Amino acid sequence: MATKIIDEYQAMMEAYEKSGGNVGEFENPNVPSIVISGNKVLGKNEVKGLIIEPTPTKDGVDVKITVKSGTKILYPMALCFGVIPKEGVQIINMEAVIEDNAGMNAISHCVFPNAEHIVHKMNYKIHIGKNSFFRYQEIHFHGEKGGVEVVPYTEGSVGENSLFVSTFTLKEGRVGKLDIKYDVDVMKKGKLELYSKVWAKGKDTVRIEEKGNLRGEESKALIKSRVVLQDEARSKVYSTVNGYAPYARGHVDCTEIVQDSAVAEAVPVVGVTNHLAKITHEAAIGSIDSKELETLESRGLSEEEAIKVVVGGLLK
Amino acid sequence: MDAILEVKNLSLIKSGKEIIKDFNISIERYSTSAVIGINGAGKSSLAYVLMGLKGYKPDKGRIYFDGKDITELSITERAQLGITLAWQTPSLFEGLTVKDYIQIGAKDKSLSIVKDALERVALDPSVYLHRIVDKSLSGGERKKVELAAVFAMHPKLAILDEPDSGVDTISVEKVMQLIKDFKKMGSTVLLITHRDRVAEIADKAFLMCAGQIIQQGAPKDVTAFFKNECTECNHKGMPVIKKELMKEEVK
Numbered sequence: 001m002a003t004k005i006i007d008e009y010q011a012m013m014e015a016y017e018k019s020g021g022n023v024g025e026f027e028n029p030n031v032p033s034i035v036i037s038g039n040k041v042l043g044k045n046e047v048k049g050l051i052i053e054p055t056p057t058k059d060g061v062d063v064k065i066t067v068k069s070g071t072k073i074l075y076p077m078a079l080c081f082g083v084i085p086k087e088g089v090q091i092i093n094m095e096a097v098i099e100d101n102a103g104m105n106a107i108s109h110c111v112f113p114n115a116e117h118i119v120h121k122m123n124y125k126i127h128i129g130k131n132s133f134f135r136y137q138e139i140h141f142h143g144e145k146g147g148v149e150v151v152p153y154t155e156g157s158v159g160e161n162s163l164f165v166s167t168f169t170l171k172e173g174r175v176g177k178l179d180i181k182y183d184v185d186v187m188k189k190g191k192l193e194l195y196s197k198v199w200a201k202g203k204d205t206v207r208i209e210e211k212g213n214l215r216g217e218e219s220k221a222l223i224k225s226r227v228v229l230q231d232e233a234r235s236k237v238y239s240t241v242n243g244y245a246p247y248a249r250g251h252v253d254c255t256e257i258v259q260d261s262a263v264a265e266a267v268p269v270v271g272v273t274n275h276l277a278k279i280t281h282e283a284a285i286g287s288i289d290s291k292e293l294e295t296l297e298s299r300g301l302s303e304e305e306a307i308k309v310v311v312g313g314l315l316k
Numbered sequence: 317m318d319a320i321l322e323v324k325n326l327s328l329i330k331s332g333k334e335i336i337k338d339f340n341i342s343i344e345r346y347s348t349s350a351v352i353g354i355n356g357a358g359k360s361s362l363a364y365v366l367m368g369l370k371g372y373k374p375d376k377g378r379i380y381f382d383g384k385d386i387t388e389l390s391i392t393e394r395a396q397l398g399i400t401l402a403w404q405t406p407s408l409f410e411g412l413t414v415k416d417y418i419q420i421g422a423k424d425k426s427l428s429i430v431k432d433a434l435e436r437v438a439l440d441p442s443v444y445l446h447r448i449v450d451k452s453l454s455g456g457e458r459k460k461v462e463l464a465a466v467f468a469m470h471p472k473l474a475i476l477d478e479p480d481s482g483v484d485t486i487s488v489e490k491v492m493q494l495i496k497d498f499k500k501m502g503s504t505v506l507l508i509t510h511r512d513r514v515a516e517i518a519d520k521a522f523l524m525c526a527g528q529i530i531q532q533g534a535p536k537d538v539t540a541f542f543k544n545e546c547t548e549c550n551h552k553g554m555p556v557i558k559k560e561l562m563k564e565e566v567k
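Taken in sequence, the protein lines are chains A and B. Just so you know, the first sequence maps onto residues 1 to 316 in my numbering. Just so you know, the second sequence maps onto residues 317 to 567 in my numbering.
Calculated from the structure, these hints are not laboratory results. Here the structure is a predicted model, which means the values were calculated and not measured. Quick reminder that beta carbons are idealized off the backbone N, C-alpha and C, glycines included. Hints are not guaranteed to be accurate.
Said to hold, decoys possible - Some chain B residues close to chain A (C-beta under 10 Å, calculated; not the full set):
1) Gly371
2) Pro374
3) Ser390
4) Thr392
5) Arg394
6) Trp403
7) Thr413
8) Asp424
9) Asp440
10) Pro441
11) Leu445
12) Leu453
13) Ala465
14) Val466
15) Met469
16) Lys472
Unchecked claim - Calculated lysine to any residue pairs in the SDA-like style (CA-CA distance at most 20 Å, straight line):
17) B/Lys472 - B/Thr413
18) A/Lys291 - B/Ser454
19) B/Lys370 - A/Arg135
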């Protein structure tokens with residue numbers, strides 16, 4: 001049994017490394033971390049002012065992370081979630097509470113290297129107090145078979161004068177089926193930044209639904225999506241910013257690159273219920289700009305190499 | 317004359333209009349040549365035809381580079397032979413750093429080459445190396461990055477399309493020096509410009525009007541002709557010029 005767990009941990013670490021993570025982080029006592037494979041917590045490291053409370057469930061783990069008031073966590077927290085077998089379900093219910101005058105950066109790697117039929121659901125509840133920050137980066141690493149269904153839903157609130165930045169990246173391996181949802185309230189002078197970067201191939205499907213609600217005076221939001229589609233991939237991106245308060249400022253920026261027989265749809269929605277709020281948007285769907293490609297070709301790159309450079313930059 | 321580039325009887329028709337008409341030019345190796353002319357004369361189209369852009373395949377004529385017929389070659393193949401183009405309005409690239417952009421075409425991708433190229437266009441490497449080649453750069457900064465990238469390639473033939481456009485007056489001197497440095501480095505330069513000042517650093521100038529070369533010779537003579545005669549031109553597809561001013565070789 002113990003050998004099996006060590007093997008599973010080893011497999012998770014290998015996938016973590018392939019997804020760009022540094023496995024040394026899990027051995028560093030100064031770096032807060034958690035490793036969850038399926039519904040098993042394989043490792044956990046707390047640091048002063050940070051409490052990690054995992055509770056295994058039938059199909060996953062419920063995790064509460066609390067950054068205590070007045071604590072700024074020095075090193076980014078390393079999170080590793082995943083399923084090593086070809087098939088399985090993992091449901092992570094994560095509540096992150098960043099108390100007042102506190103802050104943390106976190107990098108989460110979600111790894112499914114052998115996926116043929118895996119469902120990975122993440123339900124986040126984010127509560128950020130006053131004068132605090134939480135920067136969360138989620139990087140996915142999937143196998144090449146496209147058998148993953150990824151469903152990350154985030155609800156949250158950003159307190160007065162606080163910051164929440166969330167970056168979702170899925171550009172290694174096949175996407176499978178992706179369904180992202182954000183719904184975040186932003187209070188007075190609070191700031192929200194949501195970034196999604198996805199490269200879909202084959203018959204992958206992508207749905208991104210992001211909503212920022214600017215409820216406090218002088219609150220701000222930026223929702224930026226970059227989706228590259230090739231083969232027969234499909235995507236729908238719905239980005240919404242609502243300005244409910246005076247001097248709220250928001251911007252939606254969506255770019256989708258479509259190649260082959262892929263199909264993309266983008267719906268930027270901007271709403272204002274206070275005449276002193278201002279929300280703007282831009283959206284572009286199309287093939288890669290031929291002038292960009294020709295510029296790179298005039299430096300000696302082939303068309304295929306030029307496409308990789310353009311797409312790589314867009315998803316960086 | 318040891319010509320690195322020869323264009324023979326070239327024609328380009330776009331949307332039913334002959335943009336370049338029975339065009340002939342010969343560019344001497346290691347020289348700096350300037351093609352001047354008013355807006356719409358066909359100068360940039362000529363640059364695109366020489367670079368091999370997809371919408372600029374000639375309808376007639378041949379292009380020879382280093383003695384080889386390159387008329388049917390792709391942009392990539394031409395670039396790999398040593399031809400490149402500094403674009404008049406360079407593209408923006410989200411997520412790509414200045415350093416990466418310059419290194420893409422550079423044969424020697426060392427940091428010292430990248431820094432040297434940036435310094436030559438008055439861009440401080442400590443400030444610009446990690447900037448992104450996107451809309452956060454001003455038009456002038458982007459233009460200078462473009463010239464630096466082309467310089468770092470050490471091309472055999474550098475086609476510089478309006479190299480000073482959008483560049484601030486202080487940096488224009490640096491750009492002029494850079495053009496001279498191309499020659500010192502062993503590159504042949506073809507300048508596309510409508511400014512006398514830029515054309516006058518060339519060894520030879522060609523005046524283009526309505527898709528044709530109508531005058532060639534010493535830059536001072538050609539720019540004087542351009543200033544004095546082209547302003548009277550009605551530019552309706554055929555240049556209106558005083559025949560007595562045309563040089564024998566053009567006739």
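**Q.** Restraint status (C-alpha distance of B/Lys472 to B/Thr413 at most 20 Å)
**A.** violated, 25 Å
Q) Is the interface hint for B/Arg394 satisfied, with its Cβ closer than 10 Å to some Cβ of chain A? A) holds, 8 Å
Q: With chain A as the partner, please determine if B/Met469 meets the hint condition of a C-beta pair closer than 10 Å.
A: holds, 7 Å
(Q) Please check whether B/Thr413 passes as an interface residue: C-beta within 10 Å of a C-beta belonging to chain A. (A) holds, 9 Å
Q) Would the hint on B/Thr392 stand, with a C-beta cut-off of 10 Å toward chain A? A) holds, 5 Å
Q. When the nearest CB of chain A is found for B/Ala465, is that gap smaller than 10 Å?
A. holds, 7 Å
Q | B/Trp403 as chain A interface residue, shortest Cβ-Cβ below 10 Å | A | Holds, because the Cβ-Cβ distance from B/Trp403 to chain A comes to roughly 6 Å (cut-off 10 Å).
Q. Under the criterion of a CB-CB separation shorter than 10 Å, is B/Leu445 in contact with chain A as hinted?
A. violated, 16 Å
Q.
Given a cut of 10 Å on the nearest C-beta pair, is the interface hint for B/Leu453 held or broken against chain A?
A. violated, 14 Å
Q | Status of the B/Lys472 interface restraint (C-beta, 10 Å, chain A) | A | Status violated, d = 12 Å.
(Q) Please check whether B/Pro441 passes as an interface residue: C-beta within 10 Å of a C-beta belonging to chain A. (A) violated, 19 Å
Q: Grab the minimum C-beta distance from B/Asp440 to chain A and call the hint holds if it beats 10 Å, violated otherwise.
A: With a closest approach of 23 Å, the B/Asp440 hint is violated.
In the structure shown, a violation is registered for the earlier hints numbered 2, 8, 9, 10, 11, 12, 16, 17, 19, in ascending order.
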